[in-house]
Amino acid sequence: MLVLLSLFAGCDREGQLYAAQPNPDYPFLQDLGEFRVISAADQEANLVGTEFLSYADALQEPDDQGRRGVHYGGLGAPEDPSYYGGATFSFEGTGGSVCLVVDPEVVFWNQSQDSTATTSDYLYVDATAPDGDLDLDAGLTAYYTGSPGVEMGDFASAYTDAGGVDHSLDGSACTQIGSQNTPAHAGRSTVEFCTIDTSGRAGVSYTAVLDTFMLPIDDSVVHFATAVFEGSCANLAAGTTNECLLSREAGGALDLTDEEVSEDYCEDPDNQWNVGCLELAFCDTKTKKLNAYCEDHFDDENAPCTDNGVHPPADDEEADIGP
Amino acid sequence: MFTLIVGLVACANPEIINDGDVQVRVVIPKEAATREVVAATDEDGDGQYTYEARTLTDLRLLGPVYVGAFGGMDDVSFPYVHPAMGPVVSGTVGDTYPYGGESLGRLDFACYEFLACKVTTGRFTDYASLLDHFRNNLGTPVIDSYGAEVVSEENMRAACYEYFAATSDEEMAFIGEDNLSFEEEGDNFVADMVLHHTNRVSGMSIWGFMDAPELATDGVSSNGAYTTCNPSSGRSVDDYNSEFQEGGSSFDILNSPSTYIQYEDWVSDGLAVVEFDDEYNQLEVPEVNLNFHHQAAE
Numbered sequence: 001m002l003v004l005l006s007l008f009a010g011c012d013r014e015g016q017l018y019a020a021q022p023n024p025d026y027p028f029l030q031d032l033g034e035f036r037v038i039s040a041a042d043q044e045a046n047l048v049g050t051e052f053l054s055y056a057d058a059l060q061e062p063d064d065q066g067r068r069g070v071h072y073g074g075l076g077a078p079e080d081p082s083y084y085g086g087a088t089f090s091f092e093g094t095g096g097s098v099c100l101v102v103d104p105e106v107v108f109w110n111q112s113q114d115s116t117a118t119t120s121d122y123l124y125v126d127a128t129a130p131d132g133d134l135d136l137d138a139g140l141t142a143y144y145t146g147s148p149g150v151e152m153g154d155f156a157s158a159y160t161d162a163g164g165v166d167h168s169l170d171g172s173a174c175t176q177i178g179s180q181n182t183p184a185h186a187g188r189s190t191v192e193f194c195t196i197d198t199s200g201r202a203g204v205s206y207t208a209v210l211d212t213f214m215l216p217i218d219d220s221v222v223h224f225a226t227a228v229f230e231g232s233c234a235n236l237a238a239g240t241t242n243e244c245l246l247s248r249e250a251g252g253a254l255d256l257t258d259e260e261v262s263e264d265y266c267e268d269p270d271n272q273w274n275v276g277c278l279e280l281a282f283c284d285t286k287t288k289k290l291n292a293y294c295e296d297h298f299d300d301e302n303a304p305c306t307d308n309g310v311h312p313p314a315d316d317e318e319a320d321i322g323p
Numbered sequence: 324m325f326t327l328i329v330g331l332v333a334c335a336n337p338e339i340i341n342d343g344d345v346q347v348r349v350v351i352p353k354e355a356a357t358r359e360v361v362a363a364t365d366e367d368g369d370g371q372y373t374y375e376a377r378t379l380t381d382l383r384l385l386g387p388v389y390v391g392a393f394g395g396m397d398d399v400s401f402p403y404v405h406p407a408m409g410p411v412v413s414g415t416v417g418d419t420y421p422y423g424g425e426s427l428g429r430l431d432f433a434c435y436e437f438l439a440c441k442v443t444t445g446r447f448t449d450y451a452s453l454l455d456h457f458r459n460n461l462g463t464p465v466i467d468s469y470g471a472e473v474v475s476e477e478n479m480r481a482a483c484y485e486y487f488a489a490t491s492d493e494e495m496a497f498i499g500e501d502n503l504s505f506e507e508e509g510d511n512f513v514a515d516m517v518l519h520h521t522n523r524v525s526g527m528s529i530w531g532f533m534d535a536p537e538l539a540t541d542g543v544s545s546n547g548a549y550t551t552c553n554p555s556s557g558r559s560v561d562d563y564n565s566e567f568q569e570g571g572s573s574f575d576i577l578n579s580p581s582t583y584i585q586y587e588d589w590v591s592d593g594l595a596v597v598e599f600d601d602e603y604n605q606l607e608v609p610e611v612n613l614n615f616h617h618q619a620a621e
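These protein sequence lines are chains W and X, in that order. Per this note's numbering, numbering through the first sequence is continuous, rising by one, with the last residue being 323. Per this note's numbering, numbering through the second sequence is continuous, rising by one, with the last residue being 621.
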């Protein structure tokens, strides 16, 4: 009987790993203030080859009106898990199209696990622990139902007609279409973006909403990068709205020096695999650099690459990456 | 006994819900079916038509009539009475949020690509009536997929049977003596209709409009077309020498009627109101008068 009870005790688990813990450095509700719309000229100026230097100081620093450009931050967990968390910021309409983008950490190489690409790319081992998820929404500030920094809201309202019947209204100006051709949000950690037509509303305030959908299980903080660009999302100077547009959004990646995100750092076993380095390799010329890296290092015990039947296998297919 | 009483109490409340049918009567003046029409004649059969205009009153000149129930009316925003609209949230005109609606006659596909978006149910007794209308009222004889004029109802019947894999005229919704939408009554055409599955709110307005077919005597190529038809809608046909869309009704006609109302259409006065008692029994049948002719200013 005692043996049986011991077995039960051995099977028990807290599941504490999956319960998000508050972090005083990363409030669960944040108002990020006003953002500037990053002009097409500024986009061009920070484009080096095919890489958009979203982390450049010039893009992050506030302008003379205190408006942020690209913002790197993190959202944590509330003390009471029943509260919705997230961040808000405002920006002014330009009178034309603007592209609103948020890139939650991290998942960038997960794209290469697409079954349709397995003959050309390695199956990069995914690390789920640092992955978080933010859902993007935006609309006229006048329609926003939340209180920035105090309570999250949305753009839903009701219209009561002359007959006394209520009709729901959706004032969201940020529509993302999913694979089923219906409005949707992107999945875990995947970048979200939408084009907002501000024609006739130059200078009118819009509010962007980043709803915390999932916090990473490694540190309960979802780091992210977000920005508003001039032009439609289909015509950005960077030519993309994928995971490589706003890079180094993962926790700690922004602080890495150029040297630290070099290939040497990637292969340094003492430093483990860091996402800043791998993301750079992934984003450089459409994964070719990461493929080349796997070619050269498939014998490394912790190589983050697995065999896809074409490329040489890594020695340790169960290898994990990340902090 | 106690159980029985409880059971009776539970059953005493019938399923009274506000969603149900609403009876209405539509009245449209004969003037709406009176147009200057144009007949096409090809006497020597060389494909060159001569055209002759005349004024005619003909039920077949009535397009689909869309009728809906709304919370209120707006007689300020447009030259005609229009259902009250909700806030503009997407840049387009406001949604009218209809409680329900129906049409007298619906846009239907009548076997030939030429007729896509040009035929309404409830207007034609038979194939001959349809062919006659297009030739002698609209000045646009029906053309088959080979570019030849369809001159006999037998040819059209054969084409329809082949197109729809049908075996009887009863399968053709766009023809039939019993399918006609309107009856003559003095100076009007009248019709009783039901707005199915309507949110019944006592005091709600019943409003509608008739989408008149395009009809010009000095250029007949677009005659017969309806603005409420979406040419990109309907079944896609790709078969030998035919590649086209059948066309179909737009999906937001009662939500955004001003998008579709054009000159020559007839619009109701917005005075029809329907009342219900506490159990949603309709107290009277409102009369929807489509008595406003929307015309270009002279």
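The set of hints was computed from the structure by calculation and includes no laboratory data. Cβ coordinates follow ideal geometry from the N, Cα and C atoms, glycine included. Some hints could be false.
[Said to hold, decoys possible] Some chain X residues flagged as far from chain W (calculated, every beta-carbon gap over 12 Å):
(1) Gln346
(2) Glu366
(3) Asp418
(4) Thr550
(5) Pro554
(6) Glu621
[Said to hold, decoys possible] Label-pair restraints from in silico Cβ distances:
(7) Ser544(X) to Ala41(W): 35 to 41 Å
(8) Ser555(X) to Ser179(W): 21 to 27 Å
(9) Val513(X) to His167(W): 28 to 34 Å
(10) Phe574(X) to Val204(W): 28 to 34 Å
(11) Leu606(X) to Thr160(W): 21 to 27 Å
(12) Met214(W) to Ser544(X): 42 to 48 Å
(13) Gln180(W) to Thr582(X): 23 to 29 Å
(14) Ser555(X) to Thr160(W): 33 to 39 Å
(15) Tyr603(X) to Glu79(W): 28 to 34 Å
(16) Gln16(W) to Asp344(X): 45 to 51 Å
(17) Ala45(W) to Asp561(X): 35 to 41 Å
(18) Ser545(X) to Gln180(W): 36 to 42 Å
(19) Ser545(X) to Thr128(W): 38 to 44 Å
- Message: Taking the Cβ atom of Ser545(X) and the Cβ atom of Thr128(W), is their distance within the range 38 to 44 Å?
- Response: violated, 60 Å
- Message: Given a hint of 28 to 34 Å, does the C-beta separation of Tyr603(X) and Glu79(W) actually sit inside it?
- Response: violated, 50 Å
- Item | Whether the CB-CB distance between Val513(X) and His167(W) falls inside 28 to 34 Å | holds, 32 Å
- Query: Do Ser544(X) and Ala41(W) keep their Cβ atoms within the hinted range of 35 to 41 Å?
  - Reply: violated, 49 Å
- Take a look at whether the Cβ-Cβ distance between Ala45(W) and Asp561(X) falls inside 35 to 41 Å. About 50 Å separates the Cβ atoms of Ala45(W) and Asp561(X), which means 35 to 41 Å is violated.
- Take a quick look at Asp418(X) and tell me if its Cβ sits farther than 12 Å from every Cβ on chain W, holds or violated. Asp418(X) not clear of chain W: closest Cβ-Cβ about 8 Å, inside 12 Å.
- So the hint says 45 to 51 Å: do the beta-carbon atoms of Gln16(W) and Asp344(X) match that? violated, 58 Å
- Query: Checking the smallest CB distance to chain W, is Pro554(X) really beyond 12 Å?
  - Reply: The claim holds: Pro554(X) sits with its nearest Cβ about 21 Å from chain W, beyond 12 Å.
- Query: Lying within 21 to 27 Å: is that true of the beta-carbon distance Leu606(X) to Thr160(W)?
  - Reply: Given a distance of about 24 Å, which is inside 21 to 27 Å, the answer is holds.
- Item | Minimum Cβ distance from Thr550(X) to chain W greater than 12 Å, as the annotation requires | holds, 26 Å
- Task: Go ahead and decide if the range 28 to 34 Å is satisfied by the Cβ distance of Phe574(X) to Val204(W).
- Result: holds, 30 Å
- CB-CB spacing for Ser544(X) and Met214(W) relative to the 42 to 48 Å hint: Given about 58 Å between the Cβ atoms, the range is violated.
This entry does not satisfy hints 3, 7, 12, 15, 16, 17 and 19, going by the numbered hints stated previously.
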